[in-house]
Amino acid sequence: MSKIVPVILCGGSGTRLWPMSRSQSPKQFHPVDGPGSLSFFQTTVQRHRSGIYDAPIVVTSVTHLTTVRRQLAELQCSATIIAEPVARNTGPAVLAAALKIAQTDPKSLMLVLPSDHVISGDMDGVISGPVQAAHDGRIVLFGITPTYPETGYGYIVDGGAFATHPGLRRVAHFVEKPPLKQATALVATGDAFWASGISLFAAETIISEMRRCDRKTYDAVVTSCEKGEKRTGELHLNTDALRRARSEPTERIVFENSERVVLCPANLVWNDVGSWTSIHGIGRPDAQGNVFHGDVIATDTEGALVHSQDRLVALVGVPGVIVIDTPDALLVTQRGRCQDVKKIVETLRKEERVEASRHRRREHAWGQSSNLMRSGAFDMSILRLYAGNTLEIDPLPGRRLIMVEGNVDMFDGLQRRKLSPGEHATLDTQVLSRVTNFSDKTAEVLLMTMNSSIMAGPAKSFAQVPTHVS
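Under numbering that gives the first Met the number 0, the final residue of the sequence shown carries the number 469; numbering is consecutive throughout.
In short, the hints are calculated from the structure, not lab data. Heads up, a few of these hints could be off.
[Said to hold, decoys possible] Mimicking SDA-like on lysine to any residue, the simulated pairs with C-alpha atoms at most 20 Å apart in a straight line are:
{"id": "1", "residue 1": "K229", "residue 2": "P84"}
{"id": "2", "residue 1": "K2", "residue 2": "S107"}
{"id": "3", "residue 1": "K341", "residue 2": "L330"}
{"id": "4", "residue 1": "K215", "residue 2": "S246"}
{"id": "5", "residue 1": "K106", "residue 2": "G136"}
{"id": "6", "residue 1": "K176", "residue 2": "P248"}
{"id": "7", "residue 1": "K2", "residue 2": "N88"}
{"id": "8", "residue 1": "K180", "residue 2": "Y147"}
{"id": "9", "residue 1": "K440", "residue 2": "G366"}
{"id": "10", "residue 1": "K2", "residue 2": "G136"}
{"id": "11", "residue 1": "K341", "residue 2": "E175"}
{"id": "12", "residue 1": "K341", "residue 2": "A328"}
{"id": "13", "residue 1": "K176", "residue 2": "K215"}
{"id": "14", "residue 1": "K341", "residue 2": "G11"}
{"id": "15", "residue 1": "K440", "residue 2": "V403"}
{"id": "16", "residue 1": "K215", "residue 2": "R251"}
{"id": "17", "residue 1": "K215", "residue 2": "G366"}
{"id": "18", "residue 1": "K417", "residue 2": "L431"}
[Said to hold, decoys possible] Using C-beta positions, here's what the derived DEER-type ranges look like:
{"id": "19", "residue 1": "N406", "residue 2": "D299", "range": "44 to 54 Å"}
{"id": "20", "residue 1": "S77", "residue 2": "V353", "range": "47 to 57 Å"}
{"id": "21", "residue 1": "N406", "residue 2": "K342", "range": "29 to 39 Å"}
{"id": "22", "residue 1": "T298", "residue 2": "K342", "range": "29 to 39 Å"}
{"id": "23", "residue 1": "K440", "residue 2": "R210", "range": "46 to 56 Å"}
{"id": "24", "residue 1": "G412", "residue 2": "A313", "range": "45 to 55 Å"}
{"id": "25", "residue 1": "E255", "residue 2": "R336", "range": "48 to 58 Å"}
{"id": "26", "residue 1": "R416", "residue 2": "G288", "range": "51 to 61 Å"}
{"id": "27", "residue 1": "A313", "residue 2": "R245", "range": "43 to 53 Å"}
{"id": "28", "residue 1": "R336", "residue 2": "G124", "range": "32 to 42 Å"}
{"id": "29", "residue 1": "G302", "residue 2": "E391", "range": "45 to 55 Å"}
For every residue, glycine included, the Cβ atom is placed at its ideal position computed from N, Cα and C.
Between the sequences and the hints, there should be enough to build the whole structure, so can you do that?
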């Protein structure tokens, strides 16, 4: 029997986890347990590398390609990446992965996985149970027994036993993010399960159901795959075709309209980590129930969560407080109010604030950039150039490069020179300056721009490369 292909979905912006999670750096690429730990995405990859699984397929935005490649490389994991030029929710993403798998074997099973959940328990045992049902053409949805009436989750209601598939249940109906009163009633029945977002089926099954349920979206995704750009280990979907697909989740397009769906109760500890309260719940609390990351001092404080990156955070007599401190934004809220953080993000977007989309420190294919200071007439950024990489800097008036650590070669189209720590160079105002790190260590340079914005310039400038922090 062929192995199961994990299909890991890396979409979503995680607005309820702002300011850590932003549209250019969503939560799945951040560490689960503080600096130095694996990211949510990496944890998902690692969870599905046992003998029953094949190499994964990762579906992600073009914006996040650099981070996906780097985090997979850190795990030494070979994967196929499907890059989406525009966001179209999980329906088109799952279909694109199914079409890719079907090129090799239409009967192969695919396990669809969100990339940002925390799960513990016998995952392999849970997945292995309904394998035959999936081979028989069933769409298996994994449900979690609810421990409280959560209003931010969807629910699957048990419709009774299956005679032909022991252990599986029929699906009576779905309930999407119910209000508290309804959620409480659902949990009280004992017949409702949290929808985990994890599903198992054959590639040919979901292809057939997508074609039946939404022919327009099916045709758009097929065309997008056929006209997409094939690279080594990657498929970049065609933009124009993908835009014609309906932006809807698989649940709404197929699951709610298919007689093939079955429910598999999963005996797992599961958390979709959709809020800062959830982050507190998966942390390692001290004797007072506090979860601290970074430099934190607290007195007369219980049940608090603090994430601090660069500076000391001190708490005095503030139980249940949540403090998320990043270099460019500070969030202070209370447990129980974390679902409202997305309202802050909505305000930031309306006001077109950059804090809604990206961090001050950003990740690039060549290294990292961190803006240190910005005003109407002056910009200063620190650039970390990885070993063996090159970056191009736009020709703008008043630009100067100062070497901080390591050594680089700089070429402005006319002359080449080496820069060592303490040396500086005024950049050409007419042509791109190419900076290369030929050493085996990361180099750091300070880039200063007078009377201009660092964000200006053509699409190939370092500032215009799709970026995010991880």
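Hints versus structure:
| no. | hint | in the structure |
| --- | --- | --- |
| 1 | K229 <-> P84 | 14 Å, holds |
| 2 | K2 <-> S107 | 8 Å, holds |
| 3 | K341 <-> L330 | 12 Å, holds |
| 4 | K215 <-> S246 | 12 Å, holds |
| 5 | K106 <-> G136 | 9 Å, holds |
| 6 | K176 <-> P248 | 14 Å, holds |
| 7 | K2 <-> N88 | 26 Å, violated |
| 8 | K180 <-> Y147 | 12 Å, holds |
| 9 | K440 <-> G366 | 12 Å, holds |
| 10 | K2 <-> G136 | 16 Å, holds |
| 11 | K341 <-> E175 | 19 Å, holds |
| 12 | K341 <-> A328 | 14 Å, holds |
| 13 | K176 <-> K215 | 27 Å, violated |
| 14 | K341 <-> G11 | 13 Å, holds |
| 15 | K440 <-> V403 | 13 Å, holds |
| 16 | K215 <-> R251 | 15 Å, holds |
| 17 | K215 <-> G366 | 41 Å, violated |
| 18 | K417 <-> L431 | 17 Å, holds |
| 19 | N406 <-> D299: 44 to 54 Å | 52 Å, holds |
| 20 | S77 <-> V353: 47 to 57 Å | 36 Å, violated |
| 21 | N406 <-> K342: 29 to 39 Å | 48 Å, violated |
| 22 | T298 <-> K342: 29 to 39 Å | 31 Å, holds |
| 23 | K440 <-> R210: 46 to 56 Å | 53 Å, holds |
| 24 | G412 <-> A313: 45 to 55 Å | 52 Å, holds |
| 25 | E255 <-> R336: 48 to 58 Å | 31 Å, violated |
| 26 | R416 <-> G288: 51 to 61 Å | 58 Å, holds |
| 27 | A313 <-> R245: 43 to 53 Å | 50 Å, holds |
| 28 | R336 <-> G124: 32 to 42 Å | 38 Å, holds |
| 29 | G302 <-> E391: 45 to 55 Å | 49 Å, holds |
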